[in-house]
Amino acid sequence: MTTTTTTAATAPVLAPVTAPAARRRRRSLAPGRRLPASRLVGPALLLAVWAAASAAGRLDPGAVPAPWTVLRTGVHLWTDGTLTTDILTSLQRAGAGFAIGLTAGVVLALVSGLSRVGEALIDGSVQLNRAIPTLGLIPLFILWLGIGETFKIAIIAIVVYIPIYLNTHAALSGIDHRFVELAEVQGLSRLAFVRQIVIPGALPGFFVGLRLGVTGSWLGLVVLEQINATSGLGYLMFQAQNYGQSDVILVGLLVYGVFGLVSDSAVRIVERRVLSWRRTLSN
Amino acid sequence: MAPHTEQLTRPAVSLRGLTRSFDGRTVLDGIDLEIPAGQFTALLGHSGSGKSTLLRAVAGLDHEVTGSGELVAPERVSVVFQDSRLLPWRRVLDNVLLGTDGKEAAAKGREALAEVGLAGRERSWPGELSGGEAQRAALARSLVREPELLLADEPFGALDALTRIRMHGLLRELWERHRPSVLLVTHDVNEAIVLADRVLVLEGGRIGLDLTIDRPHPRSYSDPLLGEYRERLLAALGVTEDHQ
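Protein chains in written order, with numbering that gives the first Met the number 0: chain A, 0 to 282; chain B, 0 to 243.
Be aware that one or more of the hints could be misleading.
Unchecked claim - Label-pair restraints from in silico Cβ distances:
#1 A/L274 <-> B/E74: 15 to 23 Å
#2 B/A104 <-> A/V110: 25 to 33 Å
#3 B/T18 <-> A/R177: 20 to 28 Å
#4 B/A105 <-> A/L274: 22 to 30 Å
#5 A/R177 <-> B/E74: 40 to 48 Å
As the list claims (entries may be wrong) - Beyond 12 Å from chain A on every Cβ pair, some chain B residues (computed):
#6 T18
#7 L60
#8 V71
#9 R75
#10 W124
#11 G203
#12 D213
Keep in mind the hints are simulated off the structure, nothing from the lab.
These figures come from a predicted structure and were not determined experimentally.
We treat Cβ as the ideally placed atom computed from N, Cα and C, and that holds for glycine.
Using the sequences and the hints given, assemble the complete structure.
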């Protein structure tokens, strides 16, 4: 026992002396360890350049106001309550549309992925729906649903459900046939098969769809609120355009950006938790 | 209700005129076979000889295959595949417990993992196991169900030679402790001779040779008496050792 420990302890010390060439490591092709707070480095640099250019008087304050002007306007809009109301309205629209789109996408993908009849009924129709740019449906939806909230939520739901459906369905139909065979051998019921094999197997695809869907919901929101709205962030920015208030427009853009970043990070965090069994390049 | 003694002597697997064909090509041509309960049987054959087809028929996995014949197999059948087929999103213990339920299941799963030498790896992900360890986990998964019949489709085919030898010992040991009937499909003559008490050779869709190997266990790969069996099996497979 003691002899083995001593040789094990001395070997790594001796090896570089006796055979230095053999110990040279190959160059790693993986991107390597992550930089701390790597996702904030780029935006912070951008902000610094913007602030420096404003301070040096290189930017026309009417077109690109200084960061502190934007901040002051933001605080002002927030304290007088305009911004909060607009943010809440926008969040409600995006949230409702996203929830409906998410549910529809997942349910349709499951029905179409798990039964041949479902596939025949659903898949072709969704593929057709995908071919039509959703924002092109706006005039028709205004005629059908009026210009209120319903049509906005409906459009956002459609923008969201398509990527979620497509990616989840692709993942469902791509489940390894060997796992289906395993489920048969292990005597799994249909429900247990769906819960323990189909759903976990389709989750990576679902998350790809989810992230596209989240981005889509903000995109839909911006377009809808700038076309036809009397409230919401987009409306705030549209009004600001009429009055030449570029600082208000920038506040609106900033809020949209924060929405997008926060929601995408939330999805990423959930994804990393749920798919912790995956060992990929990113960890 | 059948009396208990009859249960013991009843064959575990019974095939009568089992025929299977793919696209008009007959792969199994009227196979008659009985495997007594508790027997360790190996099934040899060339690739494409239909040995996997036979195993899949017994396992009940040949849904869209045309065929006829009678087939009797026990209720509790476990299958070990060539790949470990562990679900990558479940930890090792949860993989072993796939398809089982009840309160004692987890304890049984741990026990089975300990039996295959994987105690302490319950919480590992399948991606963290080596090929041999993954195949051990697959063995544990098949054991947990306390099978009356264990079907193994080239279970060691993807392992390296050293791991394979270790797995041979493990499989035989597990068989001796639990005594399921075993049908081991393999193309490795030595594997069949070392492990099984009866070796079948599938040739032209029929059982070409049915050989009982009456040698004590554990058997050595270099046992000269096994050489005679090897030659008979190789001859039945149409291989002649010209270099000898």
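Taking the hints in turn, this is what the structure says about them:
1. The hinted range of 15 to 23 Å is not satisfied by A/L274 and B/E74, whose Cβ atoms lie roughly 37 Å apart.
2. As the Cβ distance of B/A104 to A/V110 is approximately 31 Å, the hint placing it in 25 to 33 Å holds.
3. For the pair B/T18 and A/R177, the supplied restraint of 20 to 28 Å holds, since their beta-carbon distance comes to about 26 Å.
4. In this structure the hint that B/A105 and A/L274 lie 22 to 30 Å apart at CB holds, the actual value being about 24 Å.
5. Taking the beta carbon of each, A/R177 and B/E74 are about 24 Å apart, not inside 40 to 48 Å as hinted.
6. Once the 12 Å rule is applied to beta carbons, B/T18 is consistent with being away from chain A; the minimum gap is 22 Å.
7. For B/L60, the condition that its CB be more than 12 Å from all CB atoms of chain A is violated, with the nearest at approximately 6 Å.
8. With a least CB separation of 18 Å from chain A, B/V71 remains clear of the 12 Å interface cut-off, as annotated.
9. Its closest Cβ contact with chain A, about 9 Å, brings B/R75 to no more than 12 Å, contrary to its assignment away from the interface.
10. For B/W124, the non-interface assignment is contradicted: its Cβ lies about 5 Å from the closest Cβ of chain A, within the 12 Å cut-off.
11. Distance check on B/G203: its Cβ is at least 27 Å (rounded) from any Cβ of chain A, clearing the 12 Å threshold; non-interface status holds.
12. The claim that B/D213 lies off the interface holds: its Cβ sits roughly 32 Å from the closest Cβ of chain A, which is beyond the 12 Å cut-off.
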